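Residue numbers (my numbering), protein chains in the order written: chain B, 409 to 540; chain A, 409 to 540; chain U, 409 to 540; chain X, 409 to 540; chain E, 409 to 540; chain V, 409 to 540.
Mixed in with the good hints, there may be bad ones.
Identical copies go unnamed one by one, so any copy, or any two together, can satisfy a pair.
[As the list claims (entries may be wrong)] Cut-off 25 Å, straight-line C-alpha distance, at most; resulting in silico cross-link-like pairs (SDA-like, lysine to any residue):
1. Lys468 to His530
2. Lys468 to Ala432
3. Lys468 to Gly430
4. Lys468 to Gly454
5. Lys468 to Arg517
6. Lys468 to Asn434
7. Lys468 to Gln433
8. Lys468 to Arg415
9. Lys468 to Ser521
Treat the hints as calculated values from the structure; they're not laboratory data.
For clarity, every value in this text was computed on a predicted model and none was experimentally measured.
Number of protein chains: 6
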Amino acid sequence: MYSVNVRDHFMIAHSFRGGEFGPAQNLHGATYVVDATFRRGELDAGGVVVDIGRASEELKAILTALNYRNLDDDPAFAGRNTTTEVLAREIFERLARAIRGGTLGDAARGITSLSVTLRESHVAWGSYEGQI
Amino acid sequence: MYSVNVRDHFMIAHSFRGGEFGPAQNLHGATYVVDATFRRGELDAGGVVVDIGRASEELKAILTALNYRNLDDDPAFAGRNTTTEVLAREIFERLARAIRGGTLGDAARGITSLSVTLRESHVAWGSYEGQI
Amino acid sequence: MYSVNVRDHFMIAHSFRGGEFGPAQNLHGATYVVDATFRRGELDAGGVVVDIGRASEELKAILTALNYRNLDDDPAFAGRNTTTEVLAREIFERLARAIRGGTLGDAARGITSLSVTLRESHVAWGSYEGQI
Amino acid sequence: MYSVNVRDHFMIAHSFRGGEFGPAQNLHGATYVVDATFRRGELDAGGVVVDIGRASEELKAILTALNYRNLDDDPAFAGRNTTTEVLAREIFERLARAIRGGTLGDAARGITSLSVTLRESHVAWGSYEGQI
Amino acid sequence: MYSVNVRDHFMIAHSFRGGEFGPAQNLHGATYVVDATFRRGELDAGGVVVDIGRASEELKAILTALNYRNLDDDPAFAGRNTTTEVLAREIFERLARAIRGGTLGDAARGITSLSVTLRESHVAWGSYEGQI
Amino acid sequence: MYSVNVRDHFMIAHSFRGGEFGPAQNLHGATYVVDATFRRGELDAGGVVVDIGRASEELKAILTALNYRNLDDDPAFAGRNTTTEVLAREIFERLARAIRGGTLGDAARGITSLSVTLRESHVAWGSYEGQI
Numbered sequence: 409m410y411s412v413n414v415r416d417h418f419m420i421a422h423s424f425r426g427g428e429f430g431p432a433q434n435l436h437g438a439t440y441v442v443d444a445t446f447r448r449g450e451l452d453a454g455g456v457v458v459d460i461g462r463a464s465e466e467l468k469a470i471l472t473a474l475n476y477r478n479l480d481d482d483p484a485f486a487g488r489n490t491t492t493e494v495l496a497r498e499i500f501e502r503l504a505r506a507i508r509g510g511t512l513g514d515a516a517r518g519i520t521s522l523s524v525t526l527r528e529s530h531v532a533w534g535s536y537e538g539q540i
Numbered sequence: 409m410y411s412v413n414v415r416d417h418f419m420i421a422h423s424f425r426g427g428e429f430g431p432a433q434n435l436h437g438a439t440y441v442v443d444a445t446f447r448r449g450e451l452d453a454g455g456v457v458v459d460i461g462r463a464s465e466e467l468k469a470i471l472t473a474l475n476y477r478n479l480d481d482d483p484a485f486a487g488r489n490t491t492t493e494v495l496a497r498e499i500f501e502r503l504a505r506a507i508r509g510g511t512l513g514d515a516a517r518g519i520t521s522l523s524v525t526l527r528e529s530h531v532a533w534g535s536y537e538g539q540i
Numbered sequence: 409m410y411s412v413n414v415r416d417h418f419m420i421a422h423s424f425r426g427g428e429f430g431p432a433q434n435l436h437g438a439t440y441v442v443d444a445t446f447r448r449g450e451l452d453a454g455g456v457v458v459d460i461g462r463a464s465e466e467l468k469a470i471l472t473a474l475n476y477r478n479l480d481d482d483p484a485f486a487g488r489n490t491t492t493e494v495l496a497r498e499i500f501e502r503l504a505r506a507i508r509g510g511t512l513g514d515a516a517r518g519i520t521s522l523s524v525t526l527r528e529s530h531v532a533w534g535s536y537e538g539q540i
Numbered sequence: 409m410y411s412v413n414v415r416d417h418f419m420i421a422h423s424f425r426g427g428e429f430g431p432a433q434n435l436h437g438a439t440y441v442v443d444a445t446f447r448r449g450e451l452d453a454g455g456v457v458v459d460i461g462r463a464s465e466e467l468k469a470i471l472t473a474l475n476y477r478n479l480d481d482d483p484a485f486a487g488r489n490t491t492t493e494v495l496a497r498e499i500f501e502r503l504a505r506a507i508r509g510g511t512l513g514d515a516a517r518g519i520t521s522l523s524v525t526l527r528e529s530h531v532a533w534g535s536y537e538g539q540i
Numbered sequence: 409m410y411s412v413n414v415r416d417h418f419m420i421a422h423s424f425r426g427g428e429f430g431p432a433q434n435l436h437g438a439t440y441v442v443d444a445t446f447r448r449g450e451l452d453a454g455g456v457v458v459d460i461g462r463a464s465e466e467l468k469a470i471l472t473a474l475n476y477r478n479l480d481d482d483p484a485f486a487g488r489n490t491t492t493e494v495l496a497r498e499i500f501e502r503l504a505r506a507i508r509g510g511t512l513g514d515a516a517r518g519i520t521s522l523s524v525t526l527r528e529s530h531v532a533w534g535s536y537e538g539q540i
Numbered sequence: 409m410y411s412v413n414v415r416d417h418f419m420i421a422h423s424f425r426g427g428e429f430g431p432a433q434n435l436h437g438a439t440y441v442v443d444a445t446f447r448r449g450e451l452d453a454g455g456v457v458v459d460i461g462r463a464s465e466e467l468k469a470i471l472t473a474l475n476y477r478n479l480d481d482d483p484a485f486a487g488r489n490t491t492t493e494v495l496a497r498e499i500f501e502r503l504a505r506a507i508r509g510g511t512l513g514d515a516a517r518g519i520t521s522l523s524v525t526l527r528e529s530h531v532a533w534g535s536y537e538g539q540i
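Looking at chain B on its own, in the form it has when it is part of the complex (with noise of 0.2 Å):
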């Protein structure tokens, strides 16, 4: 199985609901440096996994729609915490459809699986990796 991996990051504001969070009840914030991972059991023509421009570039524009925002606000997470693995589920879900739309490219079609990270401190971290 090979695996490419591209980062960038996003800086947003949120708060969470349920008195198991304590102080993150409160309105706070996070950067979180997201890590996408994708895997498949062949390589392309090419000799790679995913065209590493186009991924980057798709990634970056999934965390421009998120970056620079207060997530309470955002009708994407009604009703939802937005807790890291809920963001990394979603964002999980919108690269998953850029690969199958075929934005990454025809040759991305034949990507598997894919895991997105979000490294919220030097020592927290969430995941979702999934089938595509």
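Starting from the known structure of chain B, fit chains A, U, X, E and V onto it as the hints suggest.
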């Protein structure tokens, strides 16, 4: 599959038995930076894999019991080399017990697998991963 | 010149005033991973720059007062942009007061300079360094 | 499942064929920081996945054969782009041969899988993982 | 003294002249992860050392001019070894010109010193620091 | 001012005397990842601060003499706590002797200052910097 990771560290002395360990047969020591990664297929009602506060506290409690000690004198490891791999397994077992016993909260019982990675330098690490 | 560094982090929401900040004028947020570096010419009697346990606790106390908050509502920053640079200076001043006031122990009064670095992502950081 | 990782690096020149590579069609180069991760279900009698000294030496020997070279001139890669993915696979195959051939010791024959990851910058990496 | 750092990277081929370079006399290559650190005594009116967006763009422009090239063919380095140290100095000079020329904005003329660090692997880096 | 850094590591056991060290008064241990940074105003004829191969070998030789040992038994540290700061100073002195004695080559005598940093975990480090 969702994952969440917390990081902490501990510092111990030990020595290894067996000629293949060369100078590491001498009493020496190590800092282990520990990553505990919790995994499950679906999130709990709050949108998380595990209460990250409780997970961090439990990891710290487990590492505090090992920290600042000479593991050659610890009965838990009698007759065994406390290699990075063996220590990763031991910390895995202690965390797994905490999950199964409810110390990390009832929702944490939804965790299906766990990996424990010990980074011993900038060039080497070992880990153990298993089902819960 | 000897140095010792301790690291911790905090997570806040804020917004910036001034067209040069572009989309960062929106309410957003950041994780800041903070390095506090203490310096002095000679070590104390125990062979250290500072009691690293006390230094870590004081840094944590200072960051806890900022953590999980919207800095736009914090009177300490009224009328100022809470840029990485401004936050580094503010944390420097709070740590400097702790050093001068003896909170880090009598021996810590031998510290002659301090730098505070805030890492806001994998590609950007800011810091403030000054005399004590 | 237990894992052990060793890290080393090599520095090469190369160029890529195919319009999708854009300016990377020019002769350029890269530093690859290589992580080789060995995995097995049970530890050997000494309590390790692999003799980490032998594993490090073998990885170094394999990388030395590639280091400080222009891969465009290396017959091992004739007619292929030496992408990160292709290089990860090649290093995987050379390490797999060493494991199967006994170079890493008899006990190392218990290794069941191996992954090789090449970090080419602070934002991109590629890897290959397979059975032994 | 305040500092702000931005990070980017470039990938080149080159070779060195001089027996002391051993196998690095061969055509090979490197990824350089570049940190540009801007310093000044007082912040500008907006509370920053430099407009971090402009600084990032200027660094990227300077690195793009070097990226994906064989530096042995670059007239800017004719007759010189393009060691990490020499490249750090060259990037310093190009950034210093941009600061003095106003490319980073009028406020950036308050910058008093600059350091440029090139990380060439996980174990080695070089840098140049000077006054503006 | 130019700088070049090389990195290596060593692993030791030790204990500290003094109630302020708390549980670190027990025999325990540490991995120290060591950065040695060499500085000078002008480069040598080949365009480098120091022959990085020789510098790496000398650092390794110095660390090998400390590696896999119990520093409580090392006469070099009799009557002193082997804190991170004290170890940084000792390694500084040994490297400084090598520079002055010509072990790093004649050109290395142009080095004017040196810093030695010991990273003991992901959150703490100590260093010593001085003139050569």
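Practice item. Report the numbers of all earlier hints that the structure fails to satisfy, in ascending order. Key: No numbers; nothing is violated.
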